[in-house]
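Working from the sequences, and respecting the hints, build out all of it.
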Amino acid sequence: MASTAKNLKGFYKQTKSNITGGISKSKPSSRKVAPKHAAAQGSDVTQPAALISHGSLDLNEDYDKEEEMLRQFDMNIAYGPCLGMTRIDRWERALRLGMNPPNEIERLLKTGKVQQDCLWQGRV
Amino acid sequence: MEAMVIDSEKIHERKQSDYNSLDERFEIQKEMYRGQQYSQIYFARLHLMRTLLYSLAPTWKPHLPVCKVLGLEKGKECIIVGTLFKHMKLKPCVLDEYSKERSVTPLVKPHNFMHPDDNLILEDESGRVKLAGSALSPAIYVTGVVVALHGKETNAGEFFVEDVLEAGLPPQIERPIDLQDDKYVVLLSGLCIGSKSANPLQFQLLVDHITGHLGDEEEQGLAAQIVHVVIAGNSVEFPRKLINGQNLASKDQSTLYEPIKELDIMLNQIAAGVSVDIMPGTNDPANFALPQQPLNRCLFPGSSPYNTFRSCTNPHSFDLDNIRFLGTSGQNIDDLDKYSEAKSKLDFVERTLRWRHLAPTAPNTLGCYPFTDRDPFLIETCPHVYFVGNQEKYDNRLLKGSEGQLVRLICIPKFCETGIAVAVNLRNLECHTLSFSTQINQS
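Going down the list, the protein sequences come from chains A and B.
Each residue of the first sequence is one higher than the one before, starting from 1 at the first, in the UniProt record's numbering.
Each residue of the second sequence is one higher than the one before, starting from 1 at the first, in the UniProt record's numbering.
Rather than coming from a laboratory, the hints here were simulated on the basis of the structure.
Glycine included, every Cβ here is placed at the ideal spot set by N, Cα and C.
Incorrect hints may appear among the rest.
Non-contacting residues of chain B with respect to chain A, defined by C-beta distances greater than 10 Å in every case (computed) [said to hold, decoys possible]:
#	residue
1	G35
2	A44
3	T51
4	N155
5	N244
6	N283
7	R297
8	D337
9	P370
10	D373
11	E380
Interface residues of chain A toward chain B, partial, derived using beta-carbon atoms under 7 Å [what the hints assert, rightly or not]:
#	residue
12	I77
13	G80
14	P81
15	M85
16	R93
17	L97
18	P101
Right, here's the structure in full:
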């Protein structure tokens, strides 16, 4: 299970804070990740206490306020299914069907610095 | 010397009509497949139909609240709107292939998959609920129809239906009342050129009649009143035994495209005289899923240079002198025939109009492109002529709507089996048959 070993290594990231090199956290603009094994994520049993050593939980590395807003937009059932469409297409569809989606979402998506695909794209 | 006058020959001029194609909604060139599933088209269908039904609900049952499936409370009378799902015992399931009890020889598949135990379920984005009561008959409805239901939740957790509201006939643009001349549109389907049952002489007779090369002056006068011809699907039938996964010998290759060549020659004759639309059908070299895209112009090297020749989508919609035509090659009605029942095919046709959806069983049992933001099969404007091709026999009905709509429903029979084409009069929406037979002795 080589792929699992690689994932677990990235999962149990233990960075030394005083080294300039090492693993750096980068925000990918278009995410192409290998499917994460659902069982390996978010389970408290597998997370040792060492992960909390830096003072914050080391889950979901690149997940900021704007992405949170976009994820809420993805999960809103009023706008229909999110899989298989880019977020901007879904927003435009919602606009065309007269659902008045919030304009902040469109502005965020047009900046291009956020993930264009929905939360589950490539994962399901 | 004087030019010879050959008795008083009347020169018939063919009548003209304004043609306007409305096929853009059925074209998929601009669509891009991004891995979406059919949930998107169901969502678009539900949303658009629900908006419509919500606007009709207050006039139907003014004092009842409208709620979502998840908002149902026991005993509370309300209206819910959602997509119907018919759970059918006999519906073929791909998982049957993996069933351990499968016998070696395949079971004879019934043509119609209905069963007395079929039951209906209503679904919207919040949930689904099983439907009970006799107001909604599972024999009539199919999966994919969006309706509004009045009823209440029972103790068993089912929704007891008291009344049903269908969308009803869509609004219709008024027919022009000032047409003085009789102008005819000839509809035919199921030519099946290349099949054993197709008689080339029958089709040649039809072509000769339409182009005015048949009959005396009076008959030529009738032919001159034909302004348009529509061929609704299944124009060719390829020898299937040649298509078996092996490479074709060049001799076989030429036999394979003989039917298309023959069709092109005939279409060339028609296109030289009158405008003709050709729609793809189940057996034609077009894509499988609806909406079928127009047959490629390369298939018709002789006919495509004519501007009277049009290759169209299936379903096909157009305006002729402001009379709206809408029709399919028959897949939508044939699929309804498999999953519901009716006394005549025209009942299916009428139901699709009342449900405002050309093919409600798509994408459930009828192949369909996974649209994301629209459902092109929703009927927004009521046509004046609604035709369905490749049916067993000719039938027609004049349907009157509650708001003054008038629609002529036509079932076009298979030409290769019956030799019958249908002619519709644009002036009064009346239709009659053109019947061609090559048998001299009927013994």
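Going through the hints against the structure:
Interface exclusion of G35 of chain B from chain A breaks down, the closest Cβ pair being 5 Å apart, not more than 10 Å. For A44 of chain B, the condition that its CB be more than 10 Å from all CB atoms of chain A is violated, with the nearest at approximately 7 Å. At roughly 7 Å from the closest C-beta of chain A, the C-beta of T51 of chain B falls inside 10 Å, breaking its exclusion from the interface. No beta-carbon of chain A comes within 10 Å of the beta-carbon of N155 of chain B; the shortest separation is about 28 Å.
The Cβ of N244 of chain B lies farther than 10 Å from every Cβ of chain A, with a closest approach of about 35 Å, so its non-interface assignment holds. With a least CB separation of 31 Å from chain A, N283 of chain B remains clear of the 10 Å interface cut-off, as annotated. For R297 of chain B, the shortest C-beta to C-beta distance to chain A comes to about 31 Å, beyond the 10 Å cut-off, and the non-interface label holds. With a closest Cβ-Cβ approach of about 31 Å to chain A, D337 of chain B is found to remain outside the 10 Å limit, as its non-interface label requires.
Not every beta carbon of chain A lies more than 10 Å from that of P370 of chain B, the smallest distance being close to 8 Å; the non-interface claim is violated. Look at D373 of chain B: its CB is around 4 Å from the nearest CB on chain A, not clear of 10 Å, so calling it non-interface is violated. With a closest Cβ-Cβ approach of about 14 Å to chain A, E380 of chain B is found to remain outside the 10 Å limit, as its non-interface label requires. Nearest Cβ of chain B to the Cβ of I77 of chain A: about 5 Å, under the 7 Å cut. The hint holds.
For G80 of chain A, the interface hint holds, the least distance from its beta-carbon to any beta-carbon of chain B being 4 Å, beneath 7 Å. The restraint placing P81 of chain A at the interface with chain B holds, with a minimum CB-CB distance near 4 Å, inside the 7 Å limit. Annotation: interface hint on M85 of chain A holds; nearest CB of chain B at approximately 5 Å, less than 7 Å. The criterion of a C-beta within 7 Å of any C-beta in chain B is met by R93 of chain A, whose closest approach is roughly 4 Å, and the hint holds.
For the restraint placing L97 of chain A at the interface with chain B, the shortest Cβ-Cβ distance is roughly 5 Å, inside the 7 Å limit, so the hint holds. Taking 7 Å as the C-beta cut-off, the interface hint given for P101 of chain A is violated, the closest approach to chain B being about 13 Å.
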